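Can you build the whole structure from these sequences, using the hints too?
Residue numbers (numbering that gives the first Met the number 0), protein chains in the order written: chain A, 0 to 340; chain B, 0 to 183; chain C, 0 to 655; chain D, 0 to 202.
Everything labelled a hint here was simulated from the structure, so no lab data went into it. Here the structure is a predicted model, which means the values were calculated and not measured. Each hint should be verified, as a subset may be incorrect.
Said to hold, decoys possible - Simulated crosslink set (DSSO-like; lysine-lysine; CA at most 27 Å straight-line):
id, chain 1, residue 1, chain 2, residue 2
1, C, Lys644, D, Lys17
2, A, Lys340, A, Lys201
3, D, Lys87, D, Lys17
4, B, Lys129, A, Lys340
5, A, Lys340, A, Lys234
6, B, Lys61, B, Lys129
7, A, Lys252, A, Lys340
8, C, Lys33, C, Lys21
9, A, Lys318, B, Lys61
10, A, Lys147, A, Lys201
11, D, Lys17, D, Lys88
12, B, Lys151, A, Lys318
13, B, Lys129, A, Lys252
14, C, Lys21, D, Lys17
15, A, Lys318, A, Lys340
16, D, Lys17, C, Lys647
17, D, Lys88, C, Lys647
18, A, Lys168, A, Lys124
19, B, Lys129, A, Lys318
20, A, Lys234, A, Lys124
21, D, Lys87, C, Lys647
22, A, Lys318, A, Lys168
23, D, Lys87, C, Lys644
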Amino acid sequence: MTVGGRASVVPLALAASACSYQHYQSTFGNAATEARQFNILFVIFLVICAIMYLAVIAFLVASIARRRRAGEANTVEEGRHHESNPLMRTALISWGAVVGSGLVALAIASFIADRSMASAAANEKLSITVTGNQWWWDVQYNAGDNSKMVRTANEIHLPVGVPVRIYLKSNDVIHSFWVPSLAGKQDLIPGRDTDITVVPRKVGIYRGQCAEFCGAEHAKMALVVDVDSYRDFIKWWQHQLQPAPAPATPLAKAGYAFVTSRNCSVCHAIAGTPASGTVGPDLTHFASRRTIAAGAMPMSEGNLYGWVEDPQSIKPGSKMPTIGLEPNELHAVVAYLETLK
Amino acid sequence: MSSRCRASFAFIAVAALVAGACNREERHSRAKPIGETVPAGESPDTIWPGGTVPQTLDPRAKLYDNNAPAISQGQQLFTQMNCVGCHSHGGGGMGPALMDDEWRYGGRIDQIATSIAEGRPNGMPSWRSKLTTDQIWQLAAYVRSLSGQPSKDAVSSRAEAMSNATPQTLAPREPAHTSDTAEQ
Amino acid sequence: MSAHVPERVRREDERLARERQKIARDGPKLKGAKLEARLERTWSRPRGIIGWLATVDHKEIGRRYIVTALLFLALGGVLALAMRVQLAQPDSALISPQRYNELFTMHGSTMMFLFAVPVMEGVAVFIIPLMLGTRSTAFPRLNAFSYFMYLFGGLLLWGAFLLNIGPDIGWFAYTPLSGPQFSPGKRADIWAQMITFTEVSALAAAVVLVCTILKTRAPGMTLARMPLFAWAMLVVAVMIIFSMPAVALASSMLISDRLIGTNFYNAYEHGDALLWQHLFWFFGHPEVYIIFLPATGFVSVITETFCRRPVFAYPIVVLALISTGILAFGLWVHHMFATGLPRVGYSFYTSASMTVAIPTALQIFCWLATMWDGRPRFQVPMLYVVGFIVTFVIGGLSGVIIASVPLDLQLHDTYFIVAHFHYVLIGGAVFPLLGILTYWYPKITGRMMNETLGKIGFWMIFLGFQLTFFPMHLAGLLGMPRRVYTYPAGVGLELPNLLSSIGAFVVAAAVVLFVINGLFSLYRGAVAPSNPWGASTLEWAAASPPRPYNFAHIPVVESRTPLWDAEGELPVVTGLRVDEKEILLTTVVAATPDLREPVPGASLWPLIAAIAVGVLFVSSIFSPWAVVFGAIPAAIATAAWFWPKELKRHPEPVIS
Amino acid sequence: MILEPRFTDSVADLPTHKFGPSSLTWWGIIGFMIIEGAFFGLAFAAYFFLMGHEQGWPPEGRQAPNLLWGTLFLIVMLLSEIPNSMIKKAARERDVPTIRGLMPVIIGIGGVLLVIRGFEFNNLNCRWTDDAYSSVIWMLLFLHTTHIITDWGDTIVLWLLMRTDLGWEGRRLVDTDENCLYWRYVWLLWIPVYLMIYWVPRL
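Next up, the structure:
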């Protein structure tokens, strides 16, 4: 993966960014200071290690080629009483010195990168608390007074250029918050408070996934990070503070009735409605999100129908049960959910 | 006993162990939904006046009774649905205690499931429209484990929480009670 | 001797002293075919199934270890193929998540606990006594007990897997996922108890190896003349003794958390989930060096023989082995860089993880210098050494990359790590293992493996390996976490995963070819002389396959390459008994003859003790009282194992 | 090419048993001691790791274990070193009658110690299910109890063997010598465990 190759990948990805939500989940995304420092350090390590590797292979090839010309003397006595000549001894010492100094250089480069990352993130302006649950992310924007606190799930919007500190908690097992294009991962451990600091540099949609095995649906515990311009972010924030819009069409009203009285309200919360369960993700602005079920599928009507009708066939083992809805109830619920922009 | 007969005994014992073990660990996260809401006609109430012979056990019982994943899900639901509010951790409070062997409405898993689904007088709400049948049966399986009825191997010793009760794995096992009211 | 000895006992002593003179001993008067016939009768075990179960012959136990471990390799490999088929294309619903989680847990646990460590111990238990010029390991019954414990651990894990109650928590079972609440039922307990089985087996084998290497070397084989493989196994055995208790303690604490409700890992009751990770990885990292160091011993042995030259700078290689062994205990936190511990601590572990690369780099230089200075012949074992160097160095360098905290935060728990540890484990340990099995195959079975099949097999596994695991570096960089049963389409992971899946089948074919070559050569391979490769170490002075007593006379060693300096005749010491099993003990450093030690005879008690301890372990999954009541039969069995058959005194002590 | 043997010297008159590091079982015992030492060392590490999390140790509302039985255990155990050393010296001097006389004493002391241990378990002022502190305290005490019981069992089996005629054989004396060494190791390990269970919570 030469540097050149990597450069060509970046524009290609950007071009495809507009439509598909699986936009970009790779360390080459270079979308934040931390990711950029990772790439610089990674290239340094790669170059030095490649040099060391070529040295070993050169030595190997040379020693294979050297003796082959001297024929295949098979006699046993040949191998006895071989004093190692002093040249080899100095070669050994210099080899040790080269390896040692190479490693010291790499260690120092690593400490410098580590130091600069920590200092870049010293004065964070935005603070978010992400709580890991079995197989979805509960996101909460901390703000001065509670009226400004935004609660969402499986999706994070970040203003570009603004350092943000994400506090990580877990309600059950150990998860690991990792958005490759932005920064390194950090575990969410029950009983311990960890945090991660990101300074996004490039607008775009970036996908992340849980990186610590956390049970049946570890593979489908993803989240999407939307880096917006500052203006868009503020617009998004204001919109998130609004309660859920009241349903207009009769079908949506029937859906509202079902959602707030039946199973959904026990686990999910929708601001501005009696549904206030905290067991499942917050659905206040569900339809404005890009994915359903923690990144399992892109948001679309067809997928929404599939998910609400039988979540167990999409995420078997997920905590969301298959309610066995009647067709009319299903249409009503989906219609109402689509109004939650 | 001829050696052949003894061998067959051993085989049956092993098969029983195997069958028991298999069911205990089976995770029923069924991909295809079974259209099983509670049957249209309300299930007849499970209290039999005059202590007559209790009805046959509901076929779903063997999916949930003694099934470790079901009991574990029931344990999480028990806290998430705030059953702790009235029943605390099984010791009882506003609601009756679930750890003893006093069952006003029957201690069998299908009877407990009906109590949860239908609700009971004196404050037990009906959960049929709030929880799916699968969840109700999981809760019933966990409630039975609170009073020590399922086998010790299926229950968990503690939750990832403040230690609130002596471990179920050390509690003595209780025989399943059909319905106490009949005996009083 | 002292005033306390009564008259009766003193007369008994004189009678025994007289009888002692009449004992037949090997020497100039008793040698050749007559001696070998009598030794054969003394050292061979009783016939039939009882004898087969009661054997304490290190060669039979070593062969069993190797065959059982290779069986588990095959089983683990089949699981890997199933995983690769599932991951061949995105969003595939071929295997359910629950089944896939069981697959990768079983693959990891089988490869690490049931294949890698036992196969190294098996080869060592078979070869070390021959290489050191003695007739048996120390504590042969403990050796037999160790094999049975390993076998029962494997049967427990695989029995549970086939009964559909196998573990599904990953091969390192982080709490609280493996805790009582999130792993219902007995799946995690079975995994934890398998650890207890294999750990008891590895510790027993380690004590056997340490005592054998330190005390039963041939006279004259000072520590400075000991073969490098023996050095490697000594360091490995000491590492096992210090590291395995960590996982034993951690898994016992996990079982007690799950069975009697202790709160070691319960974050809400003053416990800590990271306590498990610290204890597990304190064992985990030395474990991977326990798997790698024997392979360095193999490479040294192969390089020395096929380059017709002692390994360059022997003291450097020995010091490198010892320093790797010591440094391995200071690295474990580099598995926990993402858990939010203070950054200052991490920088210590970054530098420690980098430092451990230096001794291995020096060893690689010494092997290359041996090839440079020697006359390498590229038969199959030497090909595996070249394949080892080409592959392992990539794994070592990717290890240096992930030793740095900022890089590891991106690469931890991704497929980059999967690529790294397969490069260092398959490249670093399995390649030398395949080479050494080909090298010692004539010594173990008396027949040569087929050369062309071997070469085809090598190129297949070498190229198949690169095709399988190199794309995983890219998959990791493209954001694919570990242990995911599927991945979404459109994220760019399709190509690397498809290549890996194809490569996996090539590697599987190569392993099948190796097994066919092994089985085919058992009957049709060329009959092997005692030293087919013209090697220098003592095991090639014994017959192929070695007689039950290994050497008619205990050889004397005067240099690091005894057979190359032997000029047609081997100096030996004489005087060991012929009618009873006996070995010569020598002093630890200078290996001067010190003591004659009776060797225990074949006995069923190790098997019975292993069954009793096995029943105790398995039943303690289900009830804490099993530990109390299970201990009684185990105590009886171990006491009977120690109790002599007849309680009368012999002219010279005998362990019957 | 099978190499012809060139006879050098004979080892026929070497002894068949020696005390101390020459004996094979000595190295075996040292091996197992290091294993148990590593086990206990890691248990101590876990203890201090869990302790590191707390402001107060024991956590508030929890009383430290009562001193009486633990200290009594320590005293009786230290006293048991007297017969233990005498047995070790007797083994080196092939004084089998003294060994046969003193071993029941040390087995009796072992029995007394196990009884005291029963009381200790009752006086820990906590159940293992209460919290991590209680779990670690119970674990340390349980580990040491298994350590004592295994050595007590070994001593009983060895005593039964020493009473037979085989008691006079050199190898059995070496076994007795090493068993006394192992007993010394058992009570040496008790001292840190004792301090951690009884005194560290009182600091």
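Going through the hints against the structure:
1. This hinted pair checks out: C/Lys644 and D/Lys17 have alpha carbons roughly 23 Å apart, not beyond 27 Å.
2. For the hint pairing A/Lys340 with A/Lys201, the CA-to-CA distance comes to about 25 Å; that is within 27 Å, so the pair holds.
3. Taking the CA atoms of D/Lys87 and D/Lys17, the gap is near 14 Å; set against the 27 Å cutoff, the hint holds.
4. Restraint check for B/Lys129 and A/Lys340: satisfied, since their Cα atoms lie roughly 25 Å apart, inside the 27 Å limit.
5. Straight-line distance between C-alpha atoms of A/Lys340 and A/Lys234 comes to about 14 Å, which keeps the hinted pair within the 27 Å bound.
6. With a C-alpha separation of about 24 Å, the suggested pair B/Lys61 and B/Lys129 falls inside the 27 Å cut-off, and the hint holds.
7. In summary, the hint linking A/Lys252 to A/Lys340 is supported, as the alpha carbons are separated by about 15 Å, within the 27 Å threshold.
8. Annotation: proposed proximity of C/Lys33 to C/Lys21 holds, straight-line Cα distance about 18 Å (limit 27 Å).
9. About 21 Å separates the Cα atoms of A/Lys318 and B/Lys61, which keeps this hinted pair within 27 Å; it holds.
10. A hinted pair counts as satisfied when its Cα atoms are at most 27 Å apart, and A/Lys147 with A/Lys201 qualifies at roughly 26 Å.
11. A distance of roughly 14 Å separates the Cα atoms of D/Lys17 and D/Lys88; the hinted pair therefore holds under the 27 Å criterion.
12. For a cut-off of 27 Å, the pair hint linking B/Lys151 to A/Lys318 stands: about 25 Å separates their Cα positions.
13. Proposed proximity of B/Lys129 and A/Lys252 is supported: the alpha carbons are some 19 Å apart, at most 27 Å.
14. In summary, the hint linking C/Lys21 to D/Lys17 is supported, as the alpha carbons are separated by about 23 Å, within the 27 Å threshold.
15. With a C-alpha separation of about 24 Å, the suggested pairing of A/Lys318 with A/Lys340 holds against the 27 Å cut-off.
16. The straight-line distance between the Cα atoms of D/Lys17 and C/Lys647 is roughly 21 Å, inside the 27 Å bound, and the hint therefore holds.
17. For the hint pairing D/Lys88 with C/Lys647, the CA-to-CA distance comes to about 25 Å; that is within 27 Å, so the pair holds.
18. Restraint check for A/Lys168 and A/Lys124: satisfied, since their Cα atoms lie roughly 20 Å apart, inside the 27 Å limit.
19. The suggested pairing of B/Lys129 with A/Lys318 holds, with an alpha-carbon distance near 15 Å, which does not exceed 27 Å.
20. Taken as a hint, the A/Lys234 and A/Lys124 pair is honoured in the structure, with Cα atoms around 17 Å apart against an allowance of 27 Å.
21. This hinted pair checks out: D/Lys87 and C/Lys647 have alpha carbons roughly 24 Å apart, not beyond 27 Å.
22. For the hint linking A/Lys318 to A/Lys168, the alpha-carbon distance of about 19 Å falls within 27 Å, and the restraint holds.
23. Annotation: proposed proximity of D/Lys87 to C/Lys644 holds, straight-line Cα distance about 26 Å (limit 27 Å).
Checked against the numbered hints given earlier, this structure breaks none of them.
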